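J.: Note that the protein sequences, when read in sequence, are chains G and H. Be aware that the first sequence starts at 1, since it is given in our numbering, and climbs by one per residue. Be aware that the second sequence starts at 233, since it is given in our numbering, and climbs by one per residue.
In case anyone wonders, no lab produced these hints; they're calculated from the structure. Everything numeric in this text was worked out from a predicted model, so none of it was measured. We put the beta carbon where it would ideally sit given N, CA and C, even for glycine. All clues given are correct.
Simulated restraints, written as ranges between beta carbons of each label pair:
#, chain 1, residue 1, chain 2, residue 2, range
1, H, I654, G, K151, 31 to 39 Å
2, G, R213, H, K471, 32 to 40 Å
3, H, T492, G, N146, 29 to 37 Å
4, G, T227, H, D819, 52 to 60 Å
5, H, Q658, G, R213, 40 to 48 Å
Calculated cross-link-like contacts (lysine-lysine; reagent style DSBU-like; alpha-carbon spacing at most 35 Å):
#, chain 1, residue 1, chain 2, residue 2
6, H, K341, H, K548
7, H, K548, G, K177
8, G, K74, G, K116
9, H, K683, G, K84
10, G, K144, H, K493
11, H, K493, G, K195
12, G, K177, H, K503
13, H, K557, H, K491
14, H, K513, H, K796
15, H, K494, G, K151
16, H, K548, G, K195
17, H, K548, H, K493
18, H, K503, G, K74
19, H, K513, H, K494
20, H, K493, G, K187
21, G, K117, H, K493
22, H, K548, H, K796
23, G, K177, H, K493
24, G, K74, H, K683
25, H, K574, H, K781
26, H, K781, H, K557
27, G, K170, H, K493
28, G, K74, H, K513
29, H, K633, H, K683
30, H, K494, G, K117
31, H, K503, H, K491
32, G, K177, H, K683
33, G, K170, G, K151
34, G, K187, H, K683
35, H, K633, H, K493
36, H, K493, G, K151
37, H, K309, H, K574
38, H, K548, H, K513
39, G, K195, H, K349
40, H, K341, G, K74
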Amino acid sequence: MADPTTGTETTAKKAPGTKTPGNSGSRPETEPIAPLTVGEVGDAASLAIDQQHMEDFASPDMEPGTVECRRPPKGAFFTVLPEKADGRWQNRAYYFTLELENRDPYLVAKPIADAKKDEEDTIRPILLVRFVLMNGTEGLWPVKLNPPDGKTNKWNTSAMTVLRVAESGKWVRIISKGEYRYNVSGKTMEQVPPKFSDRTFQQLVNEAFPVDRVIRTLDHPIWDELTHGTTK
Amino acid sequence: MITCQRAVFPDSEFDAKKGRGEIPGFPHCICAIEVFPDGREIEHRLAPPYPERLPWDRGDPYVTVGFALGAEAGSYKHAGYALPSPAIDLYAEYMVLHNTEMCRGDDGKEPGPSLIKACRRYGVPTMDPAYKEQMRALAYTKTELTPEELTALQDYCLDDDCRSGLRLFRAMRPHLDLARAPIRGAAMMQLEMMRWRGMPIDVPLYRRAERNAAAIAMKMRHELNRKLNFEIFYSGIFKRAAVFRMMQQRGIPIPVNPKTKKLSCSTRLIKPMIETYPEMKIFYEDKRMLDAFTRLGLEIGTDGRHRTWANPFGTKTGRNNPSTKALWGLPHTMRSFMRPDKPGMAIAQADFGAEHVGIAAALSGDPILMADYLTGDPYHQFAVAALGVSNPTAVQRQVYKACVLGRIFGMGAGTLARNLGISRSQAQRILDQMAARYPVLQAWLERILIKAAHLVPITATLGWSLTASGTGMDERTFLNFPMQANDSELLRLVFARAGDLPIIGCAHDSFILEDRVDRIEHTVWEMQEVMRAASRDLLGGFELRVDFKPSEDLTVYPDHFIDKRERDDGMRHWNWLMQLIEEAERDEGGRSDDRGRDAGSLDEGLLHAAEANNDANLEETTALEI
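This is chain H alone, in the form it adopts within the complex (with noise of 0.2 Å):
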C-alpha cells in the first residue's frame, strides 16, 4: 500500500478517431487538477509543445483518477510521459461496483457507462451533452487550433471533464476498493498501450476476401446444403426448422436454450456437441465462417493494423467482450489475416494451459485435482482412473474432458448425454465418477451454488462480483461464475503488470506478442514469467502452465498467424477460404469480360441478390440466434 498525498484529476482532448482503426490523434490540450490534503486545488493548462515533465510531477507519490483513463494514457504516450502509477479509472470502477444491476435486464448486459451517465447515477452535476458534442467536434474536426479556440477547448477540458471526474470521485470513494483499484486502473492503460500497437494485417489479402464476401458467402452456403446434403439455405436464407429436421432425420438431438426454454441451433450450443456429431461440426464450423463473412468489417488503421476496442469488464463475468467484427472474435481460421508486417519481425502466442481447471483446482483446493493438473493433463488422468486403464484412446480421453469441463461450466447429465452422444444413465455415471475423484471440487461447487443463493456477491480475487438475481438461470451462471471472473482477474493482472511487454492481443487465456525475430522468444519467456507469477499470486501459490511451443506458436515473416486449431485440422478452412476468393475474383473476372459485351448479364443480377442475402442472412442469424 502506498500513501499518495496528492490526487491529481487529468484529462485531455485530442481526436479519438473511433472506428478507424487509427492511433487516437495527438492532443490538443492535457488539463488537470491537482488537489492537496488541506483541500488547495492547482489548475493545470497544458498545450502542445508539452514541457518534458508533467508539472505535478514532483517526485513524491501522488494518486491519478480518470474516466477511462485508457484515453490519457494514450495522450500521455503521445507527448512523452510515462503511464502514471498508482491510478483509478473510474470507468472500471463503476463496472465493478454495479455489474449485478447491469445484468439485470433481459437483453444481456447494459454497455459501460459514459462519464454524463456515471455522474448522473451517482447525483453528481455534470455537463450539458450538448456542450460535451460541440467541444467533441471541435476536438475532432480540427488539427490546428486558434488561440480562442485552444482556450474554450481547455475550459471544457479543466472545467467540465476533470471537474466531474473530480466530483464523482467524491460521490464513489465510500464505495471504493482503494486496494484494489490501482491493478484495474493499470491494466485499462495497459489495454489501450495494446489497442496503440494493433494487430499487423495483410491487408491486400484482407481487402480481397471483404471485397468478394457477398460472392464468398453464397458459395459457402451452397456448399454448406452440399456438405450436409440438406437444404438448410433456401434463397440465401438461413432456415433453422431445416436445421432442426435434419437433426431429427439423423437421430441428433437438439438443444434447448436455457433462457428461452425453446429449440436452438445456435453455434454457441452447438459447439459442444461437434466432436461427437460429424455433420455438426461441419454445421458448426461452416456456418460460423458464413456468418463472419456476412459482418465483415475489420478496423484498420492507414499502417495496416488492426486497432478494436476490448470492451473491458464487459461480460457478467468481467471478461473484455470486444465487437464481433474484431479479428478475435471472427471464427479461428481469419486470424490468419495476421501475420508480421515486415521481415524480421514475429508473432508468438502464449497461453495458460487448461487454465479453467488449474483455477478450479487451487481455488477449490482439491489435492487430486492439483495433481491431475500438475502433470500437464488432467483428463488423462482422470480418463485412466475412471477406466482403469493405463493408456485411454484419444476418444475417452475426450469423453472424459468433456465431462470435467462440462460440470465447471454447470453441465448436467441430460446436456453431457446430448453432447457426447450416450445415454443419460452413462452421462451420470461419469458425472458421479467425477463427484467420486474430486469431492473436494464437488463440495466447492456446490457451496458456490448455496453461497449464491442467499443473493449475496460472490467476489472474485481482486473483487469483481456478481449477485444472483433469483431466476432460474442462477445456478448455471454461478458454477461457472469463479472460473470467468478469476480468469479475467488474471488477465487483468497481467496487463496490469506487462510493463513494455508488446502485447498486441489477447483471448481469455492467451496474449498475442510481436517483436524482432532475435529477441522474440526471450519476450515470450519474460511474458511467461508474468503470466505465471499472476497466477501464483491469485491462486494462493498454485501456478498455472503457460504454453508457448516455438514449432506452433511462433510465426514469422512472410508467415500468416495460424490458430492451433487450424493448425490441427490441416488448414482446410483456411484452404478453403483462399480457393473460395480465387474462384470469386475468377468469377468476378469473368463478369467484367462479360459486361464489357453484355452490360446487365443475368450472372450480375445473381451477385446483387447474393449482396442482399448477405444482409438477409445476417438479420435472420441475429434475430434467431440468441
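Just chain G, with the same shape it has in the complex (with noise of 0.2 Å):
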C-alpha cells in the first residue's frame, strides 16, 4: 500500500517462519517477539543493583587458555591437589630451572644441573606445582625451596604455607605482604569444584616448556650466553 501524500508505504507481512525477501537469509521465528515488558527511565532507584549482591551474578565459565610456569595471579583465588605422603606425586614433581631476567624460565635436565651448579647460580631447584583457577584456568606453580644449608627464606617458607592450606581443600588467594600472606575464600571446594583438566601433569609441563626451553646438554646455546652475553 503506497501513501503518496505522505510518502509512507506499509506492507501487511506474512506469518512467522516465512523466508524474508532481502539480500540475506532469515532463521526460522518460532519466539513471539512482543509483547515485551522493559523498564523506565524514571524506574532507576528500583532497578540500581545492590552493590552488597555483586556475587549473586555468576559468570559464564571460561575455557582454558595455555599452561604457564608462574606463581598464581595474586588477584585470584586457586587451588592444588594434593599428593599422598607414601604414593609416587601425580600433580607436582622436583624441578632445576635456570631463569634470567624478564625471560621465560629453563627446565635444566638434572644431569646437566649436576654439572653446572657449582659454576651457574642461575639454576636452582623447584617444586613445579599443578594448580587450577576457579575459572578453570590451569598453571604450574613453581615453589622456590630453602637450600639445604639450613638458611631459611620467608617467601620460600611462607609459600610452602599456602600450598598446604591449598593442597588441604580451600581456595586461597596469595597476597605478598613481606612475605606471602593468603586469603581463604568463603566458596567451599563444593561450592565451587576446582575443574582441572584431563591432561596429566607431564603435559602440562610439555606445554608451559616447549622443546626450546628445555636445557638437556652442554652445548646448549644458553651456556655460550651466559658466558659471553649476547645483544638480544
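Each chain sits in its own coordinate frame; assemble them with the hints.
T.: Next up, the structure:
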C-alpha cells in the first residue's frame, strides 16, 4: 500500500517462519517478539543493583588457555591437588630451572644441572605444582625451595605454607606483604568444584616448557650466552 | 516497568558526514518492521516528505529496538519526531554483555562492533559487507535520489538493516536485561543529541593555532628544555632516557608501568607526582600541550561547532572514550578554544563534587566517610582527624587527599610514597590512618577484591560489569572499578533523563550546557536537579553534591570558557599559548617578507624540519607512552 501524500508505504506481512525477502537469509522465527515488558528511565531507583550482592551475578565459564609456569596470580583464588605422602606424586615434581631476568624460565635436565651447579647460580631447584583457578585456568607454580644449608627464606617458607593450605581442599589467594600471606575463600570445593583438565601433569609441563626451553645438553646456546653475553 | 504489545525495528539512510564535525544529513528514508504479538509484521517505507506522525505510533506503548540508535535519533529529529521511548539499543547491550571478552587482549579494549560483526558474533545471517558499502556510498554521495535509487535504498534499509536488527534481537534476547536496557537506549540517543548541538569554537583563533602548530610545537620543545634545564628533546625528538636521567640526577623516583613493569615517564604516571615535584609539573603540563599540538585536528562543522563521537562504553569501566582529537581529550588549557558563539549566549559547567569519594562512601556505607563527604571537604576532615589539628595547611590537606583518592584507585604505600615524596613507612602510616578512620570502606574495598578473585562479574548499579582475567592487573583494576563504573552509570542515567536540556559536552563527572544568558542559570538549576536525583536513585538515597558557581563556572560571550584548573593557575598556559601563536605569526610574517627577497631561506628549511619533527614526536610518544 503506497500513500503518495505522505511518502509512507506499509506492507502487511506474512506469518512467522516464512522466508524474508532481501539480500540475506533468515532463520526460523518461532518465539513471538512481543509483548515485551521493559523498564523505564524513571524506574532507575528500583532497578539499581545492590552493590552488596554483586556475587549473585554468576559468570559463564571461560575456556582454559595456555599453561604458564608462574606463581598463581595475586588477584585470583586457586587450589592444588593433594598428594599421598607414601605414593608417587601425580601433580607435582621437583625440577631444576634456569631463570634470567625478563625471560621465561628454562627447565634443566638433572645431569646438566649437576654439572653446572657450582659455576652457575641461575640454576635452582624448584617444586613445580599444578594449580587451577576458579575459571578452570591451569598453571604450574614454581615453588622455590629453601637451600639445604638450613638458611631459610621467609618467602620460600611462606609459599610452602600457602601450598599446604591450598592442598587441604581450600580456595586460596596469595597476598604479598613482606612474605606470602593468603586469603581463604568463603566458597568451598563443593560450591565451586575445581575444574582440573584431563591433561596429565607431564602434558602440562610439556606445554609450559616447549622443546626450546628445555636444556638437555652442555652445548645448548644458553651456556654460550651466559659466558659471553648477548646483544639480544 | 511497562508492557509493550508491539516492537518496532527502525532504521534510516542518510549521509553521516563522518569526521567533518557536521550534523548528519537529512534522511533519504526511514523504514521499520513493526511486529505484533501474533507474529504478524508490517513493513514501513517512509521517504520525504515525512508524515506528521510515525505510522507505527498508534497511541499505545511500543518498544523501539535498533542497533546504534543515535543514528535513528538524528533522523527522527530531522523529520520532527520525538525520540522513541522506551528504546533498546543493541549496540549498547552488546557492549554490556561482552565487555569482559572485549578487554581480554593486550592492546586495550576492542572497539565496539558494527551491526555485521555483532550479527556474526551471534551466528545471525546478515548482509554482504560489499553490498552495505555500495548502499552507504549511495546514501553518502547523493542528495537527490531517483525513484529507483530510493527504492534500492529502502529495500536495503528494510530487508537488511531492519531485518538484521530484528534477527539480532531474537538472538540476544535471552541475554538482555530488559529492565535496564531502556535507560542505556535513552542515554545513547541523548549522547547523539549532545553531538548534534556541538560545542561552539572560536574558529578564527583555533585556525591560527592549527596553522602554526608545527612552529608552536618547535618553540614549546625549546622552551621545555629551557624550563627543565635539561635536553629532553634532541633535534626535536623526545628522549625518554634523558627524562630518566634528569629524574635520577634530581632524586625524583621514576614510576614503573604496572603493565610492562618497565620504567616509564608517561604523563599518566607522572600526573600524581606533579604536586610534589615542581619539575614534573612543568614536564607534565608542557608535554601534554606539546603532544596535543602534534595531533591537533578538531572536527569543526561549517557552523563553527565542534562535533565528535563520544564513543560510549569505550572503556572497560563503561566510560565514554572519545578520540584524543576531541576538545575534551585535549589538555584543559585548550578547552578555552570554546566560547559562546554570539552575543546573548552563555556556557555553564556543572559537576559532581568529589564524585568518587561520594560514590565510595555511598556504596560502601561507611558512615564516617559519608559524614566527611557531606561536610563538603572530606580531605580536610580526614587531615583534621589524622593530624589532630583544627586547621590543616593546604599541603597537609593535599597529602590526605592523595591518600584517599589513591587508596580508592588501588594505590599502595610504594606509589603513595613516590607521589608525595615521602618515605614508604610514612606512606604506610597514612594508609593505616585511613584504614582506621574508614574501616567500613576498607572492608568493602577488600570484599570487592575477594569477589573479583572468584572470577565472577563485578556489576555496577545499572548492570555494567567486568570479570577478572586472572592476571596480575586485576587487583588495581577492581579496587577502582566500582567508582568508575558507577560514575559512568550515573552519567548515562543523567543523560537518559536530561530531555531537552541543552547539554553540549561532558566529562566523566561534569556537564557543559549552553543557553541564552537570561536562561542559563535556570537551565543549570534544572540540570543540578536531574544530577542530584540520579545520584540518589543509584546510590541508595545518598545525594552527591553538584557544584556550580556562577562566578567561576559561567562563561558569557565574548569570553572564552576557562577550565577551573586553568583559572586556578592564573591562565598561565593559555596566555603562553596566545603568545606562542603571535610569535609564530610574527616569524611567519618575517619569513614571508624574506621569501619575497630570498626564496628557500634557511628559516623556511627549519620550519619544514619542525613540521617533520612534529610527526616524529607524535610517533615516539605514541609508541613509548603506553
